[in-house]
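Novice: Mapping of the sequence shown onto the working numbering: residues 51 to 90, in sequence order.
No lab work stands behind these hints: they were computed from the structure.
For glycine and all other residues, C-beta sits at the position ideal for the given N, C-alpha and C.
Some clues are possibly wrong.
[Stated by the list, open to error] Label-pair ranges, simulated between beta-carbon atoms:
#1 L52 <-> R75: 22 to 30 angstroms
#2 W83 <-> V60: 15 to 23 angstroms
#3 W83 <-> L57: 17 to 25 angstroms
#4 W83 <-> I58: 31 to 39 angstroms
#5 M51 <-> G90: 16 to 24 angstroms
#6 S77 <-> L54: 27 to 35 angstroms
#7 W83 <-> L54: 31 to 39 angstroms
#8 N53 <-> G73: 27 to 35 angstroms
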Amino acid sequence: MLNLLWLIPVLPLAGFLLLALCGGRLSRHQIAWVGCGSVG
51 MLNLLWLIPV LPLAGFLLLA LCGGRLSRHQ IAWVGCGSVG
């Protein structure tokens with residue numbers, strides 16, 4: 051279980067980067083899925 055601990059900061063960071071770099075090209079529905087999925 052400790053080998054998955056690095057995912058806690060990486061997944062929200064990946065969601066942030068995706069939304070920051072591609073947020074203008076995504077639909078509102080896709081943005082909502084990425085936002086909820088990255089913190090949930």
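Novice: Are the hints correct? Go through all of them and say.
Specialist: Going down the list of hints, with the structure as the test:
Range check, L52 to R75: about 37 angstroms between beta-carbon atoms, so the 22 to 30 angstroms window is missed. A C-beta distance of roughly 18 angstroms is found between W83 and V60, which places it inside the suggested range of 15 to 23 angstroms. Judged by the Cβ atoms, the range 17 to 25 angstroms given for W83 and L57 holds: they are separated by roughly 18 angstroms. For W83 and I58, the Cβ-Cβ distance of about 20 angstroms falls outside the hinted range of 31 to 39 angstroms, so the restraint is violated.
The supplied range of 16 to 24 angstroms is met by M51 and G90, whose beta-carbon atoms lie about 19 angstroms from each other. About 31 angstroms separates the C-beta atoms of S77 and L54, a value consistent with the hinted range of 27 to 35 angstroms. Distance hint for W83 and L54: a CB-CB separation of about 22 angstroms, inconsistent with the stated range 31 to 39 angstroms. Distance hint check: the CB atoms of N53 and G73 are about 31 angstroms apart, consistent with the given range 27 to 35 angstroms.
Hints 1, 4, 7 from the earlier list are contradicted by this structure; the remaining hints agree with it.
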